[in-house]
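Undergrad: If you read the sequences in order, they're chains A and B.
If you count by my numbering, then the first sequence holds residues 31 to 324, one letter each, in order.
If you count by my numbering, then the second sequence holds residues -19 to 267, one letter each, in order.
Relax, there's no trap hidden among the hints.
Which bits of chain B does chain A cover? Going by a derived footprint, with three or more residues having C-beta under 8 Å, they are:
hint, region
1, 68 to 75
2, 94 to 108
3, 215 to 225
4, 238 to 246
5, 256 to 263
Keep in mind that the hints were calculated from the coordinates and are not lab data.
As the structure is a prediction and not an experimental result, all values here were calculated from the model.
Just so it is clear, CB atoms sit at the ideal spot from N, CA and C, and this is done for glycine as well.
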Amino acid sequence: MAYAGYPPPEHLLRDLGMEAELTTETSARVRTRVTPEVSAPDGSVRAGVLATLVDIVGGSIAAPVLYPDRMATADLSVQLVGPPVGPWVEARGTVLRRGRTTLVIEALVVAVDEDGADTTVDGRPADPVAWASMTFAVLPARDGTPTGPMVVDLPMRWTFDGRPFDRPVFDALPIVVLDGPAGRVSVTNRPYLHNYIGAVQGGVAAMLAEAAGAEALGAACGRDGSGMVVTDLQIAYLALGKVGPVVTSTRVLAAGPGSRAGAVVELRDTGADDRLTTVVNVTAEPVVAVGRAS
Amino acid sequence: MTRVGPDGEAADDGGVVDRRRHVSDYFRLERWELATDDPDAPTVMAGRTPVDDHQRGPGDGLRTGGLLTGIDSLGGFTSGLAVLPRWIVTTSLTATVSELSHVGPLRLRADVLRRGRNSVVTALDVVDEGADDRHVAAATMTCAVLDPDALTLEFTRPFALPMPEPQADPVDPVTFFCIEPGTGPVTRLRLEDQLRNPWGILHGGAVAMLADEAACRAAAAVVPGVGALAATDVVLHYLRPVRVGPVEARCTVLGTRSGRTVVRVAIHDVGADDRLVTLGSVTVVTV
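Chain A on its own, in the form it takes in the complex (with noise of 0.2 Å):
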């Protein structure tokens, strides 16, 4: 379910080539297709990107469930379980709890065929590549939003439509860093990432967090940010980064070979004030294998 107009022609969400179906009233999925440019370097799908996935995912049930309000995402948890053993990741949404202030959605991630089925191994169905959680606050509508019935026809089936990924996603929004031991790596505001309100949407905040992660607790590990891959973020959206250039900071809780490697990302709109727009725990290991779907 997209809003009008969003996203525009040019947007990341287009160039991931999602395409979504909204199954029930309470139940979407929402896939992208396993590419080295969305993948970590060990053949994983990028933490971040899956977030994003989610994001949607849980957006397409949202808009609908609280017509005419609106929605921003509040929190959003993604853990990493399989690696992708099928061309296509796949995003199930499903609600778990629809309050007065809040939607709870709960979205299982697996690997999917070029026909949709799950991708099997040795016969059995592959383990899940992740499971990921989200609340979203409701924004009530305002006077003049309209309040007539939104109409859906189910199943409800659309694609963003892009151009490819020619270099890793990183690189295509891009992700700048600043200072790698030191987490710092920035994003410049612009249409291209906006969510439907204009700011940063909250995938890209995912992966900004996910780059800033992997350079610092890679330095604290002796490597650099390629060394290790981030498996578990748990982000807490506190205020929309809507001007720019968002910048993190990094504070690494442990990292060593007797412990495991986490860190606390901090996301600041350096452009309104430094204002504090996202927190999230990020839990990183070091690559040791290189796989990936064909």
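Chain A is fixed; fit chain B onto it per the hints.
TA: Same frame as chain A, now just chain B:
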């Protein structure tokens, strides 16, 4: 109506103190507010828990469920103080545990990140004072702001609550939280009165402890030859209050990656039409 007195104890309408700090007292959580000169500054609180031997888990530190109980207690209280005269209920809690072995005591700090009309977001950090302030955990919790007519609250500011005395007859956390013995994907908790918070519903820390224990049992049942297990990363969405019980955690092991097993945990209030009350995930590691 529920009233909370100046020392943080819940009282009923007759003014008789109803000591329902049982859960946070079990972990001997000391709490104090960090006063600032700026009256408009966000609320900041600190806490300390000693890590008593009977509360240690397989990682030789405070069990993750216990850690989450402290985080929930301090974070909830901090969030509540930030919206007085209204109060809050926790809606989600995420935590990542970086160190499972603790010397103790553990020191907690809670900072309000965002105070909105309908919700409060608070960040928490835990360090091990006995290990040169080594980092232990980072957490974020979101609370919904309650209807102001639901309760009346009175606190002496800055708020402080001393560390409770050690228990004379200590029991382990699984026993304390009335978690029934068992193995496999389903774990049950008896909703005894002492596990209720001042508002009469199951304490969020008890839910977290149940999720911890249930996920470890579920992972142990499917991971061959696994040793002692402990929970690390946790995501919990508190969807509805638990009022009746018994409470059942139903787990699905999603998979294992680099020694980390991700378990989906769905918690149901069996006595309340089996409704789903909490959903989340727990990452389990071998220690």
